[in-house]
Amino acid sequence: TAGSQAAPTAAPSPKHPPRRTAARRSAGDHLSDPGPALTGQLAAAVALCRQSRSPLSLLIVDPADSSELFLTLGSDEYDRFRRFLEAACRTIDPSALCLPNGEAGFAVVLPGFERQAAVRMGNQLIDQVRRLPLRSAAGSRRAASLAVGAATVSLPPKNFPPDDLFSAANRCLYGSRLSGGGVVKSIEIY
Numbered sequence: 025t026a027g028s029q030a031a032p033t034a035a036p037s038p039k040h041p042p043r044r045t046a047a048r049r050s051a052g053d054h055l056s057d058p059g060p061a062l063t064g065q066l067a068a069a070v071a072l073c074r075q076s077r078s079p080l081s082l083l084i085v086d087p088a089d090s091s092e093l094f095l096t097l098g099s100d101e102y103d104r105f106r107r108f109l110e111a112a113c114r115t116i117d118p119s120a121l122c123l124p125n126g127e128a129g130f131a132v133v134l135p136g137f138e139r140q141a142a143v144r145m146g147n148q149l150i151d152q153v154r155r156l157p158l159r160s161a162a163g164s165r166r167a168a169s170l171a172v173g174a175a176t177v178s179l180p181p182k183n184f185p186p187d188d189l190f191s192a193a194n195r196c197l198y199g200s201r202l203s204g205g206g207v208v209k210s211i212e213i214y
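Convert by adding 24 to the 1-based position in the sequence shown; the result is the number in this note's numbering.
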């Protein structure tokens with residue numbers, strides 16, 4: 025819920041970083057950190073879009089039921105699914121930049137994309153994943169559901185913090201995940 029804070033946790037050991045459990049994933053993913061690579065790429069995209077006076081969008085995509093999907097599919101089929109998702113994100117548009125995000129997802133930086141165009145791209149990814157034929161470890165067919173969060177800044181102002189775009193997209197991802205996936209939740213920020 026808005027305004028609630030997670031309980032403090034012990035500092036992770038450098039040798040053994042904590043793995044998110046299913047309960048923690050569903051309750052706290054909206055609080056994750058973009059990491060230095062994504063932060064750097066977002067900062068560069070913000071500067072480019074501010075200079076060209078164009079919008080900037082960010083999609084964050086993640087399997088809606090990542091833990092269950094891994095258990096159902098098994099390691100090999102899950103890896104195939106992840107490679108497919110990465111390829112789909114990388115080919116979404118020639119100007120898009122795709123970076124790994126979290127355990128199973130990707131962040132897609134879309135310079136020059138307004139909110140509606142970003143939502144269309146997110147829906148295309150959902151459709152591609154929905155049509156992917158997956159086989160469970162037991163041999164039955166299994167569909168995957170994708171959660172997608174999108175955030176757009178129509179014209180990045182001077183000193184716009186790139187992490188604000190990530191935080192907004194991540195909150196939308198959380199909303200998509202709460203809806204069971206298969207939808208794009210989006211927001212425009214200023």
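Be aware that one or more of the hints could be misleading.
Calculated lysine to any residue pairs in the SDA-like style (CA-CA distance at most 20 Å, straight line) [said to hold, decoys possible]:
hint, residue 1, residue 2
1, 182, 79
2, 182, 214
3, 182, 74
4, 182, 64
5, 182, 63
6, 182, 212
7, 182, 68
8, 182, 72
9, 182, 96
10, 182, 107
11, 182, 75
12, 182, 77
13, 182, 111
14, 182, 148
15, 182, 94
16, 182, 71
17, 182, 78
18, 182, 138
19, 182, 135
Ranges between beta-carbon positions, derived for each pair [what the hints assert, rightly or not]:
hint, residue 1, residue 2, range
20, 165, 75, 46 to 52 Å
21, 179, 147, 22 to 28 Å
22, 162, 187, 40 to 46 Å
23, 75, 157, 40 to 46 Å
24, 95, 72, 38 to 44 Å
25, 61, 157, 27 to 33 Å
26, 76, 100, 39 to 45 Å
27, 202, 162, 24 to 30 Å
28, 162, 182, 54 to 60 Å
29, 99, 72, 36 to 42 Å
What the hints contain is simulated information worked out from the structure, not anything from laboratory work.
Since we're looking at a predicted model, the values are computed, not measured.
Virtual Cβ for every residue (Gly too), placed ideally from N, Cα, C.
These are the hints, each one checked on the structure:
| no. | hint | in the structure |
| --- | --- | --- |
| 1 | 182 with 79 | holds (13 Å) |
| 2 | 182 with 214 | holds (11 Å) |
| 3 | 182 with 74 | holds (8 Å) |
| 4 | 182 with 64 | holds (16 Å) |
| 5 | 182 with 63 | holds (17 Å) |
| 6 | 182 with 212 | holds (17 Å) |
| 7 | 182 with 68 | holds (13 Å) |
| 8 | 182 with 72 | holds (12 Å) |
| 9 | 182 with 96 | violated (47 Å) |
| 10 | 182 with 107 | violated (37 Å) |
| 11 | 182 with 75 | holds (10 Å) |
| 12 | 182 with 77 | holds (11 Å) |
| 13 | 182 with 111 | violated (33 Å) |
| 14 | 182 with 148 | violated (32 Å) |
| 15 | 182 with 94 | violated (42 Å) |
| 16 | 182 with 71 | holds (9 Å) |
| 17 | 182 with 78 | holds (13 Å) |
| 18 | 182 with 138 | holds (19 Å) |
| 19 | 182 with 135 | holds (16 Å) |
| 20 | 165 with 75: 46 to 52 Å | holds (48 Å) |
| 21 | 179 with 147: 22 to 28 Å | holds (24 Å) |
| 22 | 162 with 187: 40 to 46 Å | holds (42 Å) |
| 23 | 75 with 157: 40 to 46 Å | holds (44 Å) |
| 24 | 95 with 72: 38 to 44 Å | holds (41 Å) |
| 25 | 61 with 157: 27 to 33 Å | holds (32 Å) |
| 26 | 76 with 100: 39 to 45 Å | holds (43 Å) |
| 27 | 202 with 162: 24 to 30 Å | holds (28 Å) |
| 28 | 162 with 182: 54 to 60 Å | holds (56 Å) |
| 29 | 99 with 72: 36 to 42 Å | holds (39 Å) |
Of the numbered hints given earlier, the model fails hints 9, 10, 13, 14, 15; all others are met.
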